[in-house]
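Protein chains in written order, with my numbering: chain A, 1 to 255; chain B, 256 to 510; chain C, 511 to 904; chain D, 905 to 1298.
Partial selection, computed: residues in chain B whose CB lies under 7 Å from chain C: (1) ASN354; (2) PRO379; (3) GLU385.
In silico lysine-lysine, BS3-like type, Cα no more than 27 Å apart, as pairs: (4) C:LYS846 / C:LYS869; (5) C:LYS869 / C:LYS782; (6) D:LYS1263 / D:LYS1176; (7) D:LYS1015 / C:LYS846; (8) D:LYS1240 / C:LYS621; (9) D:LYS1240 / D:LYS1263.
Derived by calculation from the structure, the hints in this document are not laboratory data.
Note that beta-carbon positions come from the ideal geometry of N, C-alpha and C, so glycine has one too.
Here are the chains, one letter per residue:
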Amino acid sequence: MRTLEAQLRALRGAGRKALVPYFVAGLTPDWVRHVEAAILAGADAVEIGIPFSDPMMDGVVIQEASLRSLNAGTTLDSLCTDLASLSTTAPLVAMTYYNIFHHYGLERAAGKLRTSGIGGAIVPDLSLEESGEWRRACEDQDVATVFLFAPSTDPERVRLLTGVTQGFAYASARMAVTGQAADIGDAQRVVETIRASSDIPAYVGIGIATPEMARAAAAVSDGVIVGSALVKIILDGAGASEVESFIASFRRALD
Amino acid sequence: MRTLEAQLRALRGAGRKALVPYFVAGLTPDWVRHVEAAILAGADAVEIGIPFSDPMMDGVVIQEASLRSLNAGTTLDSLCTDLASLSTTAPLVAMTYYNIFHHYGLERAAGKLRTSGIGGAIVPDLSLEESGEWRRACEDQDVATVFLFAPSTDPERVRLLTGVTQGFAYASARMAVTGQAADIGDAQRVVETIRASSDIPAYVGIGIATPEMARAAAAVSDGVIVGSALVKIILDGAGASEVESFIASFRRALD
Amino acid sequence: MTEDSTFMSSPDERGRFGNFGGRFVPEALMPACLELEVAFRDAWADPLFIEEYERVLRDFAGRPTPVTPLDRLSERLGIRVFAKREDLAHTGSHKINNVIGQTLLTRRMGKHRVIAETGAGQHGVATATAAARLGLSCTVFMGEVDTQRQSLNVFRMELLGATVVPVLSGSRTLKDAVNEAMREWVTCVDDTHYCLGSVMGPHPFPWMVREMQSIIGREASRQLNDLGVGTPDLVVACVGGGSNAAGVFAGFADSTARLVGIEAAGGSAVGKGSPGVLHGMKSLLMQDEFGQIEEAHSISAGLDYPGIGPEHAHLAESGRAEYYAIGDEDVIDALKLLSELEGIIPALETAHAVAWIVKEAGTLIPLGSTVLLNLSGRGDKDVAQVRAILRGEA
Amino acid sequence: MTEDSTFMSSPDERGRFGNFGGRFVPEALMPACLELEVAFRDAWADPLFIEEYERVLRDFAGRPTPVTPLDRLSERLGIRVFAKREDLAHTGSHKINNVIGQTLLTRRMGKHRVIAETGAGQHGVATATAAARLGLSCTVFMGEVDTQRQSLNVFRMELLGATVVPVLSGSRTLKDAVNEAMREWVTCVDDTHYCLGSVMGPHPFPWMVREMQSIIGREASRQLNDLGVGTPDLVVACVGGGSNAAGVFAGFADSTARLVGIEAAGGSAVGKGSPGVLHGMKSLLMQDEFGQIEEAHSISAGLDYPGIGPEHAHLAESGRAEYYAIGDEDVIDALKLLSELEGIIPALETAHAVAWIVKEAGTLIPLGSTVLLNLSGRGDKDVAQVRAILRGEA
Ligand SMILES: Cc1ncc(COP(=O)(O)O)c(C=O)c1O
Ligand SMILES: Cc1ncc(COP(=O)(O)O)c(C=O)c1O
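The shape of chain A in the complex, shown without the other chains (with noise of 0.2 Å):
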């Protein structure tokens, strides 16, 4: 077991459901503030949204932070550039689409994230059956290989995706792109099926917007992702404190 998986599973040993905010790279330009303060409020990790021009699993609020960052001129590099002055050591996990790294070369783009401190990486559009030389250079670098798992996966499916899915099992709430919801959805049914088969930590993600909701999910898994809720205040125009305080309010109802 390599080391994201090992810090996350030691999280979980500890009693702590973990909170797991998402950002979007190069955003603004003080973004590397904005996690700092997010693992200040209490975040166990932090996901690292990179750029994409077609975030074919994002809803309109990254879609468009993506574009506002891009515009800024974002790029793998210039984000990995940016990480070297984050303060903290918490566990990063990096989400973009896969032809970022299929781009910039799979053995080069793992070394890249392994050189910035970014322990694992999610990549939507890559799916298990693709994903064969992606893991194989993650393997290399020590990063974890996240895989996510649908309401619409079947327990078969879900068999095959624990057995290569790294650091954590990504539980989708609903079948639908990154955005607000009102409910957990379908999250404990996917987390039900991913424990039957595996004990790796599962946090639930996509459409978690407040506090409440938040709890809810962890109630029934390891922890959850915060993403467009989040995305949206820095859109909206908050500085650090707010994000601090936005984290904090989730902290406060995971604990």
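Based on the hints, put chains B, C and D with the ligands in the right spot on chain A.
Structure of chains B, C and D with the ligands alone, referenced to chain A:
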């Protein structure tokens, strides 16, 4: 031989080139005064255009005049009533499209012409082949049926047409609808083919716009018909005195 | 080409169908009409000409067009409706059948130019198309009102190399475009053929155009047999001048099928007309008490004509065919219904026939009847107009 | 349905054509892709399904479309050009072939709704049409820019009962419409089929769509034999995603014919692209140095796509097919030329292929060659745009 043809042959016998102006009946409230003015100025006979909604053989000038007249409420009956005030006995020839007579009833229409002092009728869309019924109706009323001869009419058809045309033979100067032209076109050739099979008076029409053209046409025929050029000045506002001097200028050219 | 028919035979030697038809044209045009009749009789009896005509229809225009069972409409109405798909013919309507025949004939007569009238532009586009194919020069007369309503069709004709002349006289619509084409024809009849767009005008046009459109009915009759349907109970077509109706009727004239022509209420020559003479023919015409021709008013430019072809006047008089009228208000609904149920957006003209079928299913059309609808054209040309109407802009 | 082919065989079990293809989709969509593959294999091996598919293509869509000898163009260019007339298929392009297959498959899978992306609106109209026929509900995603450029096509879809959703993200054109359709599909994959419009997307779409379009090539090959032409020297088609090209190529892949795909210069994935992953497939894509997808820019909305179907990437890499690009400036002239010489106004997409033939006759196309042009669609949809361009308004 019936009335109209006798009158026109007599004219030729007297060595006079016939001048036949065309008026759109009802174009102005005082249109009958225009007719009188023309006769005063030396017209030998007058064509009375009965306006039709779809004057297929007429150019823009007569189209427009027909429309104006129709909008003013002109009908076969109304123009015959108007004619009652005509102070002369010059030969009158109606010109209109077949549907007007067809709709009025052929015998009734021929009778109406006769009682209104109209001694002949030109129906440009009534082909020889379709003219039987109309010719019979006119025969009974001593209304001459005048046929047109076109440059495209071959000698064989000319023979057939001279066999039925009454009053005069209408020689089209050109392959065209009514309007003002620059020369007398095929007038000579058309008149010659008519004369090759008949001694009926042959008048040239279609496009005769100036006294000079009238003179040229009359030189190769027995008379001329002046339509659009005359109607144009009336459309432009000419009153009886202008009509009189217009016709007088043609008369001078012919004599 | 059509077999001898009792009900739709050739006209007599004067070009009469019963009391209607004939040749009411200026003497200047008589030689051309006579020449055309001779040329047509000769060509139509020439297997080589027929072969080329049929080959061009097949390889260029996409014939045979299919017969489509309209299952969802049938279920809705309680009758069985089949559509003969002239909308799939090249340029989007049955008009192409006629112009391919006439342009081949033009070449055969040694003429180098065609002129045509057009209302909505379908016949104009078809003529420009067939002329382009043969390298004939082409001029199309179109009422100025219609050039504005259908400006894209004007541009299509221009793309095809034709000259479009806006007609400024009269009501500036189809009727006036015919007048103007006739006027032009007088001036150029030597090297120019007037490619008339419907079963109207002087003999031999009504007969010739019907013959050139009869391929619709001949195909449909064979296709219905192949589909196991046999003779339909009704054959329904919209009627402007009447060419698509005549073409499809020709395949069923001697069968037991009821033949039904649907006019626009505002251009209903059978319903509101009386015998008269216009555009070279004696037929039924909408006219006032003085014999002045009335202007038609229809939502569809192609039915916006105050007359009807003389053979239809005869079929109406003899009772072999029935004619009904449909008002503008029912047309849009019918267009929408066919679009939504069958995935076919019909031309506004065609939508009149659809509307009648929808309206009369269960009344004039007994439940369970089999109906052949002649789907004369596609609605693409009308989409902007329909949108404006539905948005209350027109 | 296609015979086993050396050059255009089925993809491997991962959906790869050589180095390209595959299935790069969110896990949420994997079950649907797998289900679709099973359903397609099953249907495509079922004679009853094939029979219905072919019957609907015949009776509803008007197949076979003819092959037209383009005599006047041929004479002008010194080569022999034949056109496969997909412009005559119902709704005006080859797109109908694919959607008829996919909607029948949708019903067979027990789904009641289809969604689709569209650029110019041709695929959207075709999908709305096929859905209407079967009573499926239909939603079409269309970039907001395109809904404005092609507002009449939006209304056509609405008439056909479809809902059109303007896409506000990204460049607001075709690429973004695909993204949005994928996003929607995730939310409704249970009862909804994503009716993709070209040989792109995740396996089995590129293969399935090619199979459903291969009827073009199979017909054309038979028709050229019937015409006595035999195997042409070249088969030329325009390439957006590549479905009409794949369809016609499929009939000639194992022949001696050169296969030529023509891209828009501003959307040239083979000419300017490099391997990448987008919209579920690995293929050639126009992208910047960081792997961000570039926006295509073409006069024709249907070629305005930065990628190409994976099988084309493979055919390019293997050398079996050649790909060239044509710039906007040559397209209008080609459209006018075909219109004036042959009476066929092609779609702007198709005009790219025409332009290449005109340009290369005598150079890349040796004089005397026989060329089959796939005339993928009619230009009616483009006439307003072309007019604006020629008038200097656009
Ligand atoms: C599609 C369509 N149907 C019908 C008509 C009416 O003509 P006809 O009665 O000659 O078939 C037209 C005329 O433009 C038309 O375009
Ligand atoms: C007429 C026509 N041809 C070609 C295309 C390009 O698509 P494809 O490359 O899939 O054939 C389109 C797409 O809209 C089209 O409408």
